[in-house]
Amino acid sequence: MQHAGKTGHARLEDERLLRGQGRFVDDLDVPDLLHVVFLRSAYAHARIGKIDKSAAEKIVGVHAVLTLADLKEVLTCERLPAATPASAIHFHVDPCILVKDEACYVGEPIAMVVADTRAIAEDAAALIEIDAEILPAVTEIRAGLSPDSPRTRLDQPDNCVARWTIGYGDCESAFAKAAHKISASFELHKGGAIPMEGRGLLARPDPLDGVLTVWDSTQMPHRVKRVLVTTLGLNENQIRVIAPDVGGGFGPKGPVYAEEVAVSAAALLLQKPLKWIEDRYENFISTNQERDQYWDVEGAFDADGRLLGIRGTLLHDHGACTPSGIQLPQNSTTNLIGPYILPTYKLDVSLCLTNKTPTTSTRGAGRPQGTFVMERLLDRMAAKLGIGRDEIRRRNLIPADALPYVTQVLTRDGLPMTYDSGDYPECQRRALEAAGWHDFLARQKAAREKGRWIGLGLSNYVEGTGRGPFETASLRIGPSGKILVASGAASQGQGTSTMLAHIAAKVLGVRPEVIDVTCGDTHAIAMGLGAYASRQTVTAGNALHAASLEIAQKIKQTAAHLLEVSADDLELRDSFVQVKGVASMKKSFGEIAKTLSGNAGFALPGGMKPGLFAAVDFEPPAITYTNGTHLAEVEVDIRTGHIKITRYVIVHDCGNMINPQIVEGQVLGGVVHGISATLFEWIRHDAQGQPLTVSLADYLLPTAHDVPRIEIHHMESPTPLNPLGVKGAAESGTIGAPAAIVSAIEDALAPLKIEINQLPVTPQRLQKLIRKAQAGGSP
Amino acid sequence: MKAAGFGYHRPETMAELLTLLADLPDARIIAGGQSLMPMMNFRVAMPQHLVDIEKIDGLDSINLRDGIVQIGAMVRQADALASPVIKENCPVLADAIAHIGHQQTRNRGTVGGSLCHLDPASEIPLVCALLDAQLYIASRRGTRIMNFRDFAVAPLTTSLAEDEILTHIDLPICDPDTRHGFREYARRSGDFAVVAVATHLRFAGETITEARMAFAGLGTIQARADRLEMFATSQKLSPALIDKLAQEAAQMPAESDLHHDADYKRHLAACLLREVLERILRHG
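For the record, the sequence lines run as chains A and B. Taking this note's numbering, I'd label the letters of the first sequence as residues 505 to 1283. Taking this note's numbering, I'd label the letters of the second sequence as residues 355 to 638.
Fair warning: there could be bad hints in the mix.
[Stated by the list, open to error] Cut-off 16 Å, straight-line C-alpha distance, at most; resulting in silico cross-link-like pairs (EDC-like, lysine to aspartate or glutamate): (1) A:Lys554 <-> A:Asp530; (2) B:Lys356 <-> A:Glu1054; (3) A:Lys986 <-> A:Glu1017; (4) B:Lys356 <-> A:Glu1075; (5) A:Lys562 <-> A:Glu606; (6) B:Lys356 <-> A:Glu626; (7) B:Lys356 <-> A:Asp620; (8) A:Lys1272 <-> B:Asp615; (9) A:Lys1010 <-> A:Glu1054.
[Stated by the list, open to error] Residues on chain B that point at chain A, a partial pick, calculated with CB under 8 Å: (10) Arg542; (11) Ser543; (12) Tyr618; (13) Arg620; (14) His621.
Derived by calculation from the structure, the hints in this document are not laboratory data. Note that CB positions come from ideal geometry on N, CA and C, so glycine has one too.
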């Protein structure tokens, strides 16, 4: 595969973005624009009675104060029809578009103020009076699952919104015959996505053409359109959703939120353009997050440290609604298996509704937690057996010749989870070599003699990428000769346009810069899905690849008639089709397109079909699996508990790379998210469900000081599942990080025999473990 | 969120300023705005009036006189950090300021702003507590001078009256018989300290004749640790004394907050004090 990137193309988006010429929702301005502020629940759980808007409505500059009752005039339903289906869910919980009579988390929108400015709207929102009867809140999942717990929502039978068992094989027998067993309990926290740009939208009804245009900071504009069509009762041609430049998504901008419907409905009701921009505080309380999982697991091994089985329970904090079904905990359970042979498996999973912000996937999407559990079990068994952490993995990794490897669990498309390609033992071998694994013991010994506590950790993982069911792409060339690409893919900064342009350019023999790519606009292409599950290069990339091949072929066939040569003797170069080696015999793409656009009454040459247009829906036959090995080196200050990551090495295999620079950017960003989840990010609430970490002063993210140099090496095992041989790379960096970093911390502190069972690993938590170990170690 | 509405005033003379402070209801002085602006944007602070003191002459100088370093309230933290006068005569302040925020915030943030905001984890109040800074406070009623101890009432609370302004501070210079130390632990570079310690020891030969030790971040306001100072005074600085002082530091009162509990803070206080003292012992 010929690469762009280092040897070829920088991202086409970058110059515009770096010059500050990006156009994000908040950059958009239209005449008569009004601003929306949501009044949100201040209570984790409350019955909402009368809402007195009178004082707020009197503020100069306020145009409207709206509740659900007011919006009903333009809504077809009260609840947001946005849930992802899941058979394990006993009862779906869709939130009301604005709270009707029960608020179920702090941050749930109750009313909206429309005013000349955001500041005026905030003044007015503070004057809305609400009769609220505070109800007991469910704030902890173990308590929430107990039979005597108060209920998260009064209209639901209990808090256990879903319970199922994943597994296969005879786990009981495996444990009965095991030579070694270990058990462990983990409290794994993962935070929010914290994109630089929060959510936000501008909805503009146009009385001239009757179209409601919605510019929305979303990962899935076509899904937003579908929800708006349903909730507003409009036809498909009356709504256009555009995702303009989007400043990061990382998962939570995939689901559709009540605010998107409420602002669009209010714009229709008032017949005014309205803008709502989520601020950081709102992002912390109202945008979906991940939060807590509690795992109690046991691993059974044979005498050599080969896995015989894993069993246990997983409790998952689902928040107050079920916007993404069970996909987040489901990913955790399936990804636990990772690149290893796990003969038997049984995990009982319970999802608890809580009076907190709903949880859905953030980058990694539950996989880092599953990977963490498996990798901790392997490290602990290695310590118990006195073998290397690398060796126990070698004994359990799926060998290269076993691929494609069919695991015994199903993914949510109903197919067996099948690892299509890769070489996991070789990936680990290369990573160990790159990080100097075998020399590290000597370095560690020397450091310890100087009172320095350094450690090296590793993890292996897989990532299911390129989820279906399909993605769309079209390619059109008109008489202007301009190559126009459109796709249902949507970019939040990943370089999606560059990726698509490069794929089309290579087939059509042009420079990527000459291709005009439109992503994230429902008027540009009728169907599409968008960004989730590290999928767009796999799905949209292959769709466009097929469309480009079709157009290239048609250009040659048409030119063959015009130039009276065989199509096989033609080549495409710089927007011309020419006879190979005879540059004077050529036609421009524009001339070909003009020919195929027809002349009134005349036949097209050679019986060609009209136009240079191709649209392809690529349906991936199955998920394709990216894999990697992470090695982290850390130094621990045992007095403060401070952890410094000093080095980070990755060997990464996402099949063929379209643009290595973009892949490296994705992996690097993913690792930083992983470092962040491991050491910093922690969403805290008090016992009444009040969120306590609602600013970037209290909710910590890593800065440049906290991120080491990250060294990325590539393997390229092309997948047989798509013509380009590509796999996704967007979440991979996050998945391996917590396990590798914690492995390194435990290695650094090996003389103290410390076990880390909680994420994040804060200095305070670690220092207390150190002091406990030191106290226990003294006579 | 957006700040609630407020009146904005930018007086050009001290007399004009003092009149505004005396006459305006619910006025807040804004210096560098590094704490006040976020608080206003969160609507935690909603003053009716902001009085910007940037144009007032004479508040941004650093002077040396009679064994005193005098620092104007509007001196930017970045300028204080770069000042040779402070570096030579009050190095503990320079060390402390290097830990405040980032270059960008230090370019705006001021010495007086930090003192008047009085975050219990911040560095400049710590040094003022350590050295018993004298604070000059002006109002239309006249000028008064007070010790930092009397200025700092409680976290985020000073004894300034509504019509008063802090104009400058006096810090004693460090002479050749004194040794100072500063250490802090923060989660990330530039964060507020979890705990910070500052020491100032005067020696006659090997004997400590004057011991000053102060802590920030323990939850109470920055203050000298009288009990520790008592143990150190008239003693020789030795490993045994350092052990003793660290043990005492580990017993100090501390308050838990969202991120760090009292036990961890006391542990850090002891570790940081030990580091500071061991360094002085090693380097003399």
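Which of the numbered hints are not met once you compare them with the structure shown?
1, 2, 4, 5 and 13
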